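**Q** Let the hints inform the model, and build the full structure from the sequences given.
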Amino acid sequence: MEAVETTVYTVPTKSPEADGTLAWDATTLVVVRVYAGDQAGLGWTYGSPAAAAVVRDHLAEVVTGRPVWDIPAANEAMNRAVRNAARPGIAGHAISAMDIALWDLKARLLGLPLVRLLGAARTDVPVYGSGGFTTYDERRQDRQLRSWTEDQGIPRVKIKVGESWGAAEERDRERISRARRSIGDAAELYVDANGGYTRKQAVRMSRHLDAEHVTWFEEPVSSDDLTGLAQVRAAVQPDVTAGEYGYTLLSFHHLLAADAVDCPQADVTRCGGITVWLRVAALAEAHGLQISGHCAPHLHAHAAAAVPNLRHLEWFHDHVRIENQLFTGTLDPAGGSIRPGADGAPGHGLALREKTAEPYRES
Numbered sequence: 043m044e045a046v047e048t049t050v051y052t053v054p055t056k057s058p059e060a061d062g063t064l065a066w067d068a069t070t071l072v073v074v075r076v077y078a079g080d081q082a083g084l085g086w087t088y089g090s091p092a093a094a095a096v097v098r099d100h101l102a103e104v105v106t107g108r109p110v111w112d113i114p115a116a117n118e119a120m121n122r123a124v125r126n127a128a129r130p131g132i133a134g135h136a137i138s139a140m141d142i143a144l145w146d147l148k149a150r151l152l153g154l155p156l157v158r159l160l161g162a163a164r165t166d167v168p169v170y171g172s173g174g175f176t177t178y179d180e181r182r183q184d185r186q187l188r189s190w191t192e193d194q195g196i197p198r199v200k201i202k203v204g205e206s207w208g209a210a211e212e213r214d215r216e217r218i219s220r221a222r223r224s225i226g227d228a229a230e231l232y233v234d235a236n237g238g239y240t241r242k243q244a245v246r247m248s249r250h251l252d253a254e255h256v257t258w259f260e261e262p263v264s265s266d267d268l269t270g271l272a273q274v275r276a277a278v279q280p281d282v283t284a285g286e287y288g289y290t291l292l293s294f295h296h297l298l299a300a301d302a303v304d305c306p307q308a309d310v311t312r313c314g315g316i317t318v319w320l321r322v323a324a325l326a327e328a329h330g331l332q333i334s335g336h337c338a339p340h341l342h343a344h345a346a347a348a349v350p351n352l353r354h355l356e357w358f359h360d361h362v363r364i365e366n367q368l369f370t371g372t373l374d375p376a377g378g379s380i381r382p383g384a385d386g387a388p389g390h391g392l393a394l395r396e397k398t399a400e401p402y403r404e405s
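The C-terminal residue of the sequence shown carries number 405 in the working numbering, and the numbering is unbroken.
One thing to keep in mind: the hints can contain errors.
[Claimed, not checked] Estimated spans, in silico, between C-beta atoms of each pair:
1) Glu212 to Ala163: 18 to 28 Å
2) Gly107 to Pro58: 37 to 47 Å
3) Glu212 to His255: 15 to 25 Å
Calculated directly from the structure, the hints in this document are not laboratory data.
Please read these numbers as outputs of a predicted model, since none were measured by experiment.
The beta-carbon is built from N, C-alpha and C at its ideal position, and this holds for glycine as well.
**A** This is the structure in structure tokens:
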């Protein structure tokens, strides 16, 4: 590997957005390129611009000069390099973006779609539409849900609940019922509380989830509360899920050892990149569980196609909008699934639209 460069872009949302415990009006990408021969590998993460400084100050010199082929060794070296720089969190985002770029680079040098390099377990990768922010009014929520189920044929969707740290239960119930009316009886309905409820509150809310045939209850309580997740899981009908804030393989071991979830979610832009995401999938399979990819669907796509125990990927509104706008080679979810590598493009098949991205560039 000859050189590393990183760039930060911040893209405003079209309107203010929020979930149960956070509000935002922009999304930041930290983009990484790694160069070798006549190719460049591309990766990115969604998070703090500080991740770019970690790449420059801690990671670039660690991978430069290493063989392109030995990505697990590079991943391990990067982890060791940030031992005193808080590996979980921002450093985890930086390592993840680097690791994704390394896999993309290796596949491009070999002239292979990344899924062919990893080895395919499936051709089609199921997705679910995700958005339904708490800031949406009835009309906007309905329009978004119908765009997925009716226009694109995606048979599973998710909305945010737990508004104001669980202080708006009645509005949560109303929005869940409206969502069910929007999508009809045939589509699956999921909800995500982003840790906004208390343990007992989540159990009480599950009665309404059952009435509306909700089958996925994401982060009913804080993902840090493994005991609480396990207690809620034992008490409710929908699958309880969490894991998007897992930054190390060990954190997923703890999640699964606590019997805290029915389906772990791992985020390839946080957990350590493709290298670690595949290990999380294997860990889940050893526990008899499927895995779901959290957000950043185009970065998950090829790895997701390489594991036998995939449930689906999150077709997250913000990231899909940004990825379609800023990158070429994006995928079509029509019918409820995507097909990574089907066009034969090498690597993950994505390329940054430099001119389009330039107005959003920070550094």
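**Q** Taking the earlier hints as the rules, which of them does this structure contradict?
**A** 1
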